[in-house]
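Next come the chains, spelled out residue by residue.
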Amino acid sequence: MSVQTRSVNVQDGPHRDQESVRIRPKYYRTWRVVQYTIIYVVLIGGSAFFVIPFLWMVRSSLMRPQDIFSVPAIIFPWPIHWVNYPDFWNALPFGRFFLNTAIVTFTATIGLTFSSALVAFGFARFRFRGRGFLFLLVLATMMLPKHVTLLPTFLLFRSIGWIDTLFPLIVPSLFGSAFSVFLLRQFFLTLPLELDEAARIDGANSFRIFWQIAIPLSKPAVATVALFAFIAHWNEFLDPLIYLSSMENFTVALGLRFFVSQYSGTFWELMMAASTAAMLPIVIVFFFTQRTFIRGVALTGIKG
Amino acid sequence: MRPPRMRWRDVEPYVFISPFMIGLVLFIVGPTFASLALSFTRFEFVAPPEFIGFENYDEMFAGDPKVWRSLWNTVYYMAGHIPLGMAMAFGVALMLNQKVWGQALFRTMYYLPSVTASVATAIVWSWVFNSRFGLLNNFLGLFGLEGPQWLADTRFAMPALIIISLWGMGSTIVIFLAALQGIPESLYESASIDGAGRARRLWHITIPMMTPAIFFVLIIQIVGSFQVFTNAFIITAGGPGDATLFFVLHLYNKAFVALRLGYASALAWLLFVIVLVFTIAQVLMARRWVYYEGEIR
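From first to last, the protein sequence lines stand for chains Y and Z. First residue of the first sequence: 1, per the numbering used here; consecutive thereafter. First residue of the second sequence: 1001, per the numbering used here; consecutive thereafter.
Stretches of chain Z that chain Y covers, calculated by requiring three or more beta carbons in the stretch to come under 8 Å of a beta carbon on chain Y:
(1) 1005 to 1013
(2) 1021 to 1029
(3) 1090 to 1102
(4) 1124 to 1131
(5) 1216 to 1227
(6) 1254 to 1265
With the C-beta cut set under 10 Å, the calculated list includes, among others, these residues of chain Y facing chain Z:
(7) Pro53
(8) Val71
(9) Phe114
(10) Phe210
(11) Phe259
Treat the hints as calculated values from the structure; they're not laboratory data. These numbers were taken from a predicted model, which means no experiment stands behind them. Every residue, glycine too, gets a C-beta built ideally from N, C-alpha and C.
Only chain Y is shown next, with the shape it has when bound in the complex:
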């Protein structure tokens, strides 16, 4: 029965019981339309809050200095002032900053992912004394703020002469991270044990099972862990701030901060250009890998 015939019935239907049953679809349909309108208005309005600061940044990065300070504000940059990009790039050794950040990010990401996978495999695939307790310890470290260990770690690196080098930004990650171990272990637990047994009968040792069976079957989880590590190291600010002192060792985050402290209150167009450039690698990586990402975030929440 279609909705129209029902509404016709409503007009001539004297029986209250039937009426209330019949009236519902029409009312319901209007309600759905109202509901979806509200949802879209809120969602689109909400995305403005998330997206507009990025657009404002790009807009400001393409303006002439005299336009950026006009009141009321000019919304669209015209003429487009591309030269802000080479200008900021040449104001400080930004090429060097990007290179340093890339070195730290790549080595730390690879090291962290590999070690975390190894440890996660250990927890997922072996029975051994103290396993429960040690795994609890791994989880507990997730809650510990890094600032508690910051100063002794700083002194440790200072005593071996690593201040103003990139090593303190890389080396701690080479031992894996608790969060990654947790995430990878969850994934390894879902792989059937029969695979291991079959490989073992064929003479494979544990490391081969790890490297040639567990890792290839866990590509999504490994990718998620690597991506999180990549983002975290690219964005890291406190460590570079305390460990690096000479400009040729700066990372992008630290270089940007130096830039701001030099030109505070002026040269906003250059700072916006620099910020845009600093975010660009992350934004590109994110757009190509967002499924992996979002699945990873979702996993942590559900299993956590």
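Take the given structure of chain Y and dock chain Z to it, following the hints.
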């Protein structure tokens, strides 16, 4: 009698987990206790540490009003950031969970700020909040409103940082959305058959089924609130007049500006104890309100 031989099979698991365990000793357990030891010393880089008993702790509790100020600021920040962020993220997740067109696109847009969060975004926000040329006050100006001096005003600097923190709620949205999608449809169906309306289904099915995710986010956000650093350092540097002095910023200033490592270590231990107490309290209270499916009560 020969000692029992060590077999590779017994040692192997420990070899696999050794990277993390070595790191744990070197970078977590060792430094945590070293930090405790340092907190009882005067250590200012030049001379070796000198034992001074509880002096640092005396100063922390009785002689350094900035400690209390920074803790108060954290509480203020939490009171704004956590309820607002969770409620908004919950609302957005509920909406996205309706079969809306462009769900993936919205999710991407909402999540993007969570991955870019760093010095660059902090700079962008200080520009957005610029009182004369910034986006926000220009926008308010369209309606004839005169926006406050945001980051330069002691009353508005913290609300500004709270607004900025909401920009990072994308990960909460994604976690909530995943949890919503994990609720079995059959629960809603049987509730509908029993005559439960929209509101009742939300209150009696959705929210109870979401409590593990809410609990997880709550813990992460409380622990995270005690560790705010980059935004406060770049955008306001703790000012104006300590209005946005966060605990870790105070710790950083004591350690790397005033160069008082002993005292800063005492601050670090206070942070440790506070986070520990909050986490344990949360876990204990969770028994009262978090519902785990399949759990026997």
